[in-house]
Amino acid sequence: MATLELDLTDPLRTFELRARLTVGAETFALVGPSGAGKSTILRHVAGLKKPAHGRIALGKDVWLDTERRVNRAPDRRSVGLVFQEYALFPHLTVAANVAFGGASPARVSELLERLHIGHLAGEKPTRLSGGERQRVAVARALGRDPQVLLLDEPLSALDAHTRTAVREELADILATLAIPTLMVTHDFLDASTLADRIGVIRDGQLHQIGRPEELTARPADAFVASLTGGNLLHGMAEGTRVTLDDGTVIEVAEPATGRVGIAVYPWEVSVSSTSPGAGNVLAGTVGSITPDRGRTRVRVGPLVAEVAHVDGLERGARAFASFAPRSARVIQ
Amino acid sequence: MATLELDLTDPLRTFELRARLTVGAETFALVGPSGAGKSTILRHVAGLKKPAHGRIALGKDVWLDTERRVNRAPDRRSVGLVFQEYALFPHLTVAANVAFGGASPARVSELLERLHIGHLAGEKPTRLSGGERQRVAVARALGRDPQVLLLDEPLSALDAHTRTAVREELADILATLAIPTLMVTHDFLDASTLADRIGVIRDGQLHQIGRPEELTARPADAFVASLTGGNLLHGMAEGTRVTLDDGTVIEVAEPATGRVGIAVYPWEVSVSSTSPGAGNVLAGTVGSITPDRGRTRVRVGPLVAEVAHVDGLERGARAFASFAPRSARVIQ
Amino acid sequence: MRAGFTALLALCLGVVLAFLAIPIVALFTEVPLGDVPGLLRDPVVQDTLKVTLRTNAIANVLILAVGTPAAYFLATRHFKGRALVITLIELPLVLPPAVAGIGLLAAFGAGGLFGGALQDQGIILPFTEWAVVLAVIFVASPFYLRQAISAFESVDPTLHDAARTLGASPARTFLRVALPLAASGLVAGWVLAFARGIGEFGATIVFAGNVRGETGTLTLTIYEQLEANFDVALSIGILLVVLSAVILLSYKLLSWRRSSSTSPTPFARSSSAPA
Amino acid sequence: MRAGFTALLALCLGVVLAFLAIPIVALFTEVPLGDVPGLLRDPVVQDTLKVTLRTNAIANVLILAVGTPAAYFLATRHFKGRALVITLIELPLVLPPAVAGIGLLAAFGAGGLFGGALQDQGIILPFTEWAVVLAVIFVASPFYLRQAISAFESVDPTLHDAARTLGASPARTFLRVALPLAASGLVAGWVLAFARGIGEFGATIVFAGNVRGETGTLTLTIYEQLEANFDVALSIGILLVVLSAVILLSYKLLSWRRSSSTSPTPFARSSSAPA
Amino acid sequence: APTVYAAASLREAFPEIDSAPRFNFAGSNQLQTQIERGAPADLFASASSTEAQALFRANRCERPVTFATNTVVMLVPAANPAKLDSIYDLKRGPQRRLAVGTAGVPIGAYTRKLLARMRLTSILSKHIVSSEPNVTSITSKVALGSADAGFAYLTDARAAGNRVKVIRLPKWAQPPVRYQACVVKRSGVDTGGANAFLNKVRSSTGRRILAKWGFGLPPR
Ligand SMILES: Nc1ncnc2c1ncn2[C@@H]1O[C@H](COP(=O)(O)OP(=O)(O)OP(=O)(O)O)[C@@H](O)[C@H]1O
Ligand SMILES: Nc1ncnc2c1ncn2[C@@H]1O[C@H](COP(=O)(O)OP(=O)(O)OP(=O)(O)O)[C@@H](O)[C@H]1O
Ligand code: MOO
Ligand SMILES: [Mg+2]
Ligand SMILES: [Mg+2]
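For the protein sequence lines, the chains are A, B, C, D and E, in the order given.
The numbering of the first sequence is the working numbering, which starts it at 1 and goes up by one.
The numbering of the second sequence is the working numbering, which starts it at 1 and goes up by one.
The numbering of the third sequence is the working numbering, which starts it at 1 and goes up by one.
The numbering of the fourth sequence is the working numbering, which starts it at 1 and goes up by one.
The numbering of the fifth sequence is the working numbering, which starts it at 1 and goes up by one.
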């Protein structure tokens, strides 16, 4: 399988997009806030937008090289693109949508079966549910037997409960495809379930690239910290001591100086009604208490904690949240 | 504070909506699949749709009584409605939107400050981010000092990472309001964070009403089980023994007979590479392995498990998922 | 081959533009432009201008005043026969103006359906200024109504609902929400209706005749003056072209400024036509 | 007071409907309907009908064939001066037909801008069928172009992108995606253009004259027969009304069937007008 | 002031006689129809006796009086692209484009009569003939060069100035072109105003102006 290489520069409205990536036979997720340039990168790869400078190649096959004035039209690049709202052709049946890219009838049936939508072949897309549409969009993109797959927020149009099922299914499909796949998402769980590597993009810049657990372990900035589910505190650091904005002093693992952010994950915070002797302690009022997936989410002052039990705690009561110094990750 | 009582019957396109509810000074969340009739109930309460039969009253104030031919116009019911896509007036500034319901300039400033959007007073809604729009919509609904607050999927238009922050903020606001609040959502975490009680609605019928932890503990049907995050297995029950469709026999806590569903929560499942001696055991291939909020999500055959560690497991390997009989909740 | 497709499209556009532009350009070559101001001061032209402005002003006020609520009703209320009503409203669009004139005569002329009753009241409509007004309303109002209905329909109904739950009465909702949001569509429709009214000939000549200072509008005068005062006719023609272009362009600029200041989707394709 | 608002709206609608319906109804009361078939067999009418159909068929084919690609180009390509081009295209809409006729004469008539060149080629346009065709194209094509541009614009551009990434060339994308999705808007525009062409009078009489069997269209004949043979004029009028109504209604029924079978949002307000 | 409905060919002369009335200039038969349909006219001035007499017979106007006469001429564009120097040129040569009044309008009737007397009726079938509803559109067709020739009144040729060239037709072939005016009968008619205007037309000043524009004058 060929490797997708891209190296792009494109001045957008408010910032310059710069992306340099190599994606092998793996799934690479682009994660970042709205307007970061995620979709734009997919459009560059598909040939729907021409960057100011750059090169895109699949193995030896050069799709774009602005220096050599190479720029293949979208229909001459072997890509499958799944659009955010799916962009199914409303005037064609499901089968005709999948066949649009040139798939033979046999191949169309095979794809529909594989995605469990064989019985919908004759329906128009407007009569389908969100999950069904998503499957049609994936089948249509695969119908061209693309050498590169692009997915723009493939799950964002789905209900919370449809989403879980479709996510697992998509994970299986991506695992068997083994072609370079670029995916855009806002959701860290989607990214970590589906992708081998994640690139965090903000203002057109790739800020951090790594496996999901690497991002969680060492969030490079406040955005990554909140994306991976962390609480964010602010304060002034002097070595391993940080004076938070509310005056509390805490210990952190890595020394730093000046204004810093501190990421603390909810599952590394304990909560009690009496002050624990050791660790970093923040006192505060108890906010919402929510059962969440076998644990309980409690907010104490600025911190959300996920704990096994919350015996004796009530909304509005005073409580203490504590965490170990090594759980306090410093963000410059 | 007056209590909102409603008792409605309304034949919709494919089913008849029947809802009977009493909501005190609390937040009640309506949760259910798309098309279940959730928004329709809010429209009934607001007076935007007239049910075929029924009565809606706020304390002694009767808003609707089809028998006595009472039907107050929406502008004569004291409701604040936050629409799913916010429905802000695009031609008015943020301040003018909030003032539309008749709030004085002082009250408008107060509301904007309270929702941290004071600096946006002069902006047009189209120039705001999703989270900012949501705040404007809430401020506008509160601007009328309503006696009933209705929220239609107030968080669904937000990014995954904006969502967490806005959810906590909204929880604080709802906690201080203390008026009957009806909220629609697709997301169980939203519902359990914001609501005191949850009503699960499907095909126009309220299938289960209870506090979040009650729903998790005893899901009344397959929908509630998957909503609260459970895995769903199917099989034939004979007493406390259930033969699953793949032939595996498991033990459950409550006796039953005939075809049943079994809900198993991921956090009550363990995974190992060798068969554990005790409990219910399902063998299968390892699917995706995903770090998720301090734990690891692993799929083994039909089950997703959330475990602390997955030492020695790899995608595609054979593994065993096990759970205690009391974790196997029977669903008729 | 693929460059060929775009070239083909561009070629078609070129043909269209050339064909539509040439007659307009040619118009300007026919008349000594320096004489136009003088010719327009001709008392015949002055009379004509007055009649045209007066009758069209009345007609447009009536179209806007009665047509706007009617369009709002049709856009927001659903009742049986609505499709038929809309077809009826659109019928004058596809009716040859002369036939419209005959119809108006048949309805309001002496011996017409209502002509007798009106005459008994001392009201004579045909061949008076009011006949011009009626003719203009009949041929021009469907342009406005059609666009107004679709402008009101494209106002998100949840905004309407939002206004109601915020305590606004139906009338206030109409004034504060529907009207401002439909405004640009309404103006687009009005521009068309106005233009159609100014250019109206067929129904007017049949129903109102060409009485100088009474029913003789600019368009009628053009036909009348074609023979003798060809230059006067041309000057009026040029006046009308310039007037039309100014109206169209200023409307475009207006709606362009509006949309560029409030557009929710900065990358939405800029809408070309007052659709 | 609040019931009053709806009543006011309904009243306005009633006034509009009454006013637009009365002339059409009156038209039918004027002529002994039984005689209409006989009158329409009159050789003058037969000639006229043939001329009308022939010239309009040619004009409409040209409008569709050249206008559709031109509209697609304008709807999907962005270039400087695009707004100006669109204004130019809309200008004939607001141009009095007589002025349009003068413009056409000034451009293509003997002694006109291109008249000499054409004459050298042995081509004389005025008083020929081709003059009618040109006049019809000039006045009717903007109706089609305008609607076609907005129909193509309202096709979701991501569908276009989707087709391209699925390997479709620009031409195939146009044929398989843009054209079918814009179809109902195109037909709506074409209905308007067709109707405008059939009813065309001013530009035709000035530019093409009224030559029986050559340039004498139905509308010209109505004017001609208005004094001489009023019943013939009326019969043609009725023929045109019925024709117009049939075209409008069949278009409505067509688009209604389409939309009711594929409508994505069952509760979307039913769109009234071919907007 | 009265409302005067007058034949299109009177468009220059009448306002010069008195600019006070409201004028409606069109084909005489068109005006006749309008008056029959209730148009609020006070005086009707027709380019032939047919229309005025028809109204008189229908008791819609007083007895018509003849106030002017006219002459039918052939007009060609100033540039004369078809090189027509006489009406007989139309018997020969290629097909030409002619603007001729419809049979229903006075000028059309006169033209046909004249051609019949000259035994030239065949030219109406030999050439391409545009039927025009009134003299205005005949002269404009010639003036704009879309017709190679047209038949109209001498008076129109004067009004059209240097854009057209007049080709006189033999006197012996001329039909009697009699302009007749009558005061309309209807409720609310301004009889006084109508008669006053008619008298002005028939006064010596009126006759002088008519003559100036090329009309012939009936004996007093
Ligand atoms: N054709 C263009 N020219 C210039 N700027 C553009 C263009 N298209 C998009 N932009 C800008 O580029 C930025 C990135 O847009 P993009 O659609 O790639 O964001 P995104 O990361 O996909 O956001 P979202 O999560 O909302 O989909 C935006 O700020 C947008 O304003
Ligand atoms: N005015 C109406 N008349 C008849 N049926 C209706 C009407 N409005 C909605 N329905 C139907 O009622 C059902 C419930 O619609 P509703 O909008 O309340 O669903 P919902 O639960 O809010 O769904 P979602 O989560 O997608 O917003 C739908 O199946 C819809 O088809
Ligand atoms: O009535 Mo006329 O003057 O022959 O057109
Ligand atoms: Mg995007
Ligand atoms: Mg809903």
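Incorrect hints may appear among the rest.
[What the hints assert, rightly or not] Here are the simulated EDC-like cross-link-like pairs (lysine to aspartate or glutamate), alpha carbons at most 16 Å apart as the crow flies:
hint, chain 1, residue 1, chain 2, residue 2
1, A, 50, D, 161
2, B, 50, C, 35
3, B, 49, C, 161
4, A, 50, A, 7
5, B, 50, B, 67
6, A, 50, A, 75
7, E, 212, E, 18
8, E, 185, E, 18
9, B, 49, B, 16
10, A, 60, A, 7
11, A, 60, A, 5
12, A, 49, D, 161
Since the hints were made in silico from the structure, they are not lab data.
Treat the numbers as computed from the prediction; the structure is a model and nothing was measured.
Structure-based check of each hint:
1. A C-alpha spacing of about 13 Å is found between residue 50 of chain A and residue 161 of chain D, which places the hinted pair at or below 16 Å, so the restraint holds.
2. Restraint check for residue 50 of chain B and residue 35 of chain C: the C-alpha separation of about 69 Å exceeds 16 Å, so the hint is violated.
3. For the proposed pair residue 49 of chain B and residue 161 of chain C, the alpha carbon gap of about 10 Å is at most 16 Å, so the pair holds.
4. A distance of roughly 12 Å separates the Cα atoms of residue 50 of chain A and residue 7 of chain A; the hinted pair therefore holds under the 16 Å criterion.
5. A threshold of 16 Å between alpha carbons decides the hint, and for residue 50 of chain B with residue 67 of chain B the separation of about 13 Å falls inside it, so the pair holds.
6. Between residue 50 of chain A and residue 75 of chain A, the direct Cα distance comes to roughly 14 Å. Compliance with the 16 Å bound is thereby established for this hinted pair.
7. Taking the CA atoms of residue 212 of chain E and residue 18 of chain E, the gap is about 15 Å. The hint holds against a cut of 16 Å.
8. Among the hinted pairs, residue 185 of chain E with residue 18 of chain E is inconsistent with the structure: their alpha-carbon atoms are about 22 Å apart, more than 16 Å.
9. About 15 Å separates the Cα atoms of residue 49 of chain B and residue 16 of chain B, which keeps this hinted pair within 16 Å; it holds.
10. Between residue 60 of chain A and residue 7 of chain A the alpha-carbon distance is near 15 Å, which keeps this suggested pair within the 16 Å criterion.
11. The straight-line distance between the Cα atoms of residue 60 of chain A and residue 5 of chain A is roughly 10 Å, inside the 16 Å bound, and the hint therefore holds.
12. Proposed proximity of residue 49 of chain A and residue 161 of chain D is supported: the alpha carbons are some 10 Å apart, at most 16 Å.
The structure shown violates the earlier hints numbered 2 and 8.
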